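Asker: In case you want the letters, here they are:
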Amino acid sequence: MKSFTYERATSPEQAAAIVADRPGAKFLAGGTNLLDLMKLEIETPTHLVDVQDLNLARIDEDTNGGLRIGALVSNTALAADDRVRRDYGVLTRAIVAGASGQLRNKATTAGNLLQRTRCPYFYDTNMPCNKRRPGSGCGALAGYSRQLAVVGSSEQCIATYPGDMAVALRVLDATVETVKAGGKTRSIPIAEFHRLPGDEPQRDNTLEHGELITAVVLPKPIGGRHIYHKVRDRASYAFALVSVAAVIQKDGSGRVAFGGVAHKPWRVEAAEAALHQGSSALTSRVFADARPTEDNKFKIPLAKRTLASVIAQTRA
Amino acid sequence: MEFNAPAGTNLFDRAKIVGHSTPRIDGPLKTTGTAPYAYERHDVAPDQAYGYIVGSAIAKGRIVSMDVADARAAPGVIAVVAAPDYAPVGQGQGNIAPLFGGGEIAHYHQAIACVVAETFEQARAASSLIRTRYDRAPGMFDLAEAAPGASLAKGRGGKPDLKTLGNFEAAFAAAPVKLDAKYTTPDESHAMMEPHATIAAWKGDQLTLWTSNQMIDWAKSSMAEILGIKPENVRVDSPFIGGGFGGKLFIRSDAVMAALAAKATGRPVKIALQRPLVANNTTHRHATIQRLRIGAERDGRITAIAHENWSGNIGGEKGEDGTLQTPKLYAGANRLTANYVAALDLPEGNAMRAPGEAAGHLALEVAMDELAERLGMDPIELRIRNEPETVPGNPGKKFSQRNLVRCLRQGADLFGWSHRRSKPGQVRDGRWLVGMGVAAGYRGGPVQKSGARVHMGNDGQITVETDMTDIGTGSYTIIAQTAAETMGVSLDRVTVKLGDSRFPASAGSGGQWGAASSTAGAYAACVSLRRAIGAKLGFDADTATFAEGKIHLSNRTIALSDAGPMTAEDSITFGEFKRDYDVGTYAAHFCEVAVEAYTGECRVRRMLAVCDAGRILNPLSARSQVIGGMVMAAGAALMEELAVDKRFGFFVNHDLAGYEVPVHADIPHQEVVFLDTQDPVSSPLKAKGVGELGICGPGAAVANALYNATGVRVRNYPITLDKYLEGLPEPEAI
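So the protein sequences, as listed, match chains A and B. According to our numbering, the first sequence is numbered sequentially starting from 1. According to our numbering, the second sequence is numbered sequentially starting from 317.
Everything labelled a hint here was simulated from the structure, so no lab data went into it. Careful, some of the hints might be misleading.
[As the list claims (entries may be wrong)] Reference listing, derived: stretches of chain A covered by chain B, where coverage requires no fewer than 3 residues with Cβ under 8 Å from a Cβ of chain B:
#1 112-123
#2 133-145
#3 167-180
#4 298-304
[Claimed, not checked] Computed from the model, here is a short list of chain B residues facing chain A with C-beta under 8 Å:
#5 350
#6 401
#7 959
#8 963
#9 964
#10 973
#11 978
#12 1041
#13 1045
Since the model is a prediction, treat every value here as computed from it, not as a measurement. Where a beta carbon is used, it is the ideal one built from N, C-alpha and C, also for glycine.
Work the whole structure out from these sequences, hints included.
Answerer: Pasting the structure below:
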């Protein structure tokens, strides 16, 4: 771990201003991912701005009939919230499918969105990785890529976004609220929050340097059956091979997003019209442009099968 | 004491303490966090500095230059110990590549430097300032590619490891029912909770290592060989070990670097291997390729069996011999086993829990399942049909005891085997396909010379000292039980001290020999103490009864404490008569799995082991050993794999997020049954170990259950869903 300086912010605007002012500065919330990456010197911030004192740990009812989730609401608190459990079950199910109880107690809503890939070449600083060291090459593309992306990847990077929560937020059409230095705020639709690797795999999302997430807003409830099915090699405490977040209505229509397959939660709205024709019809459209490796090509039939299981569960 | 004939009736046949479930006496220390593990021994030497090991960034080649100036100048840094400044250290037992020194790189993450600083964080931070330039050399990292050119391993007496009996080829050709199948098992990591860790301190030329090691006497002599010093100048202390599984049988780089760094700085130095180093810096279980050919008559009698095994290691040294159980398990007059080892440039392969057999059962016991299906026989009946009378691979040799058929029959009853459908893919539970599998298990029951010293205080308190280790197995408790039984005192009157090389050398913890050997050694020392007491007080200790803290003679009773303070030391050695016998442990393993019909997710539902392993010294801790082995076997079957990058030559998934082992949710229900047997050939206690029996077979039972559930046979471990997904029913058809 490189030496760094540390301070505790007193307001979101101030936090944003400090980080915006220093190229090597980063926000620190739960630290469940950042601190590990700092120990391995994958992240080497020179200054940490701890946002834990900011008053961002509440879940409020929003004027549009939805919920406004503070950036510092813990994963545990969010998953356990009665309103979330009642109206946004896919979100609760996604959160509890991730990490462990201890990590969920510490991890925050905003931090969860910002967790970095688990690609093993990103984690080993002896190895090439364009995400960690732009221009060094991608170790994974011709290496061990079983866990990695099958769609939306580039020649530069085949990393996956590893989280579960964001996959549920994607089917719920959440928006991410931020503040920048000077107090300017914006709302970023979740679809536009994470980005594809392209030629800049070092950039996971569309936040600017110094832009602080203050809340995640859920639109008003849409009803339907909420299911999150996460397929992995062991029963718990593992990243998804493929996951499906789905909200399916009585008439068979619905929304579907996939995790574990791309650099971001993967949802193709235009394909959802095919949902009533079954899983194959939808997934053949969703993965039409997939470019898997030999190691991970199984994810495409697995995605089809996982959605089929989800559909079967809604009928059960 | 020499154990030179099968044990007759003795005090353990009327035992009040040995053989009874006894909570581990070290349990409260473990559960309250007060058992001091190596890295936590802050009080053993003052002024400890922290070492941090740097591993090689390449798999093969040499160091061109190493610039340590910035690291030396970094805050808190006391010294940087750099490989180019040292000649390669000597070779200790169980090591192939030098653990440190010189410019040659033999494998990824081989130790090339150690930064010593006032704090761990300073040492770690400075380590990244070392700039090393390498000259990368090509290496061989692909077992499948190297296997065809592999040589036969060196077997007993250095002879090529190829054994034949009868005429396999002719008998196989003539057999009406045949199986010829290839299986592969991957490299696996011990993945113990406590990484390798050592504190080293020098006093003059005397070196003390507070470390985490399974074999204290080996560690002492190896350390002497590695550093070129006298064994008597090395002390090793390892009272608590957070898991070893064979990964801590030998001295590794933590101990070597701590010793060299302590020498360089003149201060005690502590080092724990950071988790990412454990996979590539230390040892692992080698991957195997195994070919099984079995020929049988239509009634199931095996007429021909061949088991060939390929693995690889640095320099083509010792490999993973998957054939070990095959000459022991099933009858058949015409046999062949062969064990080949290829030269690979991956990190060092070495012993991991049931080396050889754990991987071997994953092949042989699936082959038996496949053969049963071809024969249209129940797989339990096939095994019973081929139950041998003497050792199949060495028919002149007797089994000391063998109750495998009882294990299978009793297990079948307990598990509800009769409900299994022989045709696969027939049982549904909602979205889940359900199947059952069975496998037999064999693991040798070896013993080794083992010593102990027993002291009786004025108060009649008994203290046992031996360098035996407790790697989480229950050694403290079974040795205390043995001493309490032999001296006729209650368990709370016995203190057991382990893991210090100042104590008499023991068998150590390895090869499933620890329990039987170390309790026999403790017994031998207690018998010596009894005789010494008898000599002092004038009675024949061998006919006296020691019970309830008293010595009962025909004409009087003496309080044990009246004998005053006394000490005796002895060891158990094992006589030639054992060579006439194969001493083994046996199990029947059962498993039920459910496989999600759409996604292929496989979940173990329940596991059962019925074990025949002689007298069970402590059923509670023995059960823990067996269920631990079953968990590890389920991991081997379903998820564990060190993934090889064949370009860069290293194990990619080198942390506990990437190397998945089973979690609680994977193992919902396990049962263990021990047959009530004693093996008089094994030891005076008629006991055998179980620490490795539990991993021999359950993985194959999982694999066979998965086949029974799905109808898809996967022969490449681990059996992850990508390998059978396409064989499951199409979603539209479900």
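Asker: If a hint holds in the structure, say so; if it doesn't, say that too.
Answerer: Here is how each hint holds up against the structure:
1. 112-123: With 4 residues close enough to chain B, the hint holds.
2. 133-145: holds (count 4)
3. 167-180: violated (count 0)
4. 298-304: That given contact holds, which follows from 4 residues of the stretch 298-304 of chain A lying within Cβ reach (below 8 Å) of chain B.
5. 350: For residue 350(B), the interface hint is violated, since the closest Cβ of chain A sits about 22 Å away, which is over 8 Å.
6. 401: Since the shortest Cβ distance to chain A is 22 Å, the answer is violated.
7. 959: holds (5 Å)
8. 963: Given a least distance of 7 Å, the restraint on residue 963(B) holds.
9. 964: holds (7 Å)
10. 973: holds (7 Å)
11. 978: holds (6 Å)
12. 1041: holds (6 Å)
13. 1045: violated (10 Å)
Consistency note: the structure conflicts with the earlier hints numbered 3, 5, 6 and 13.
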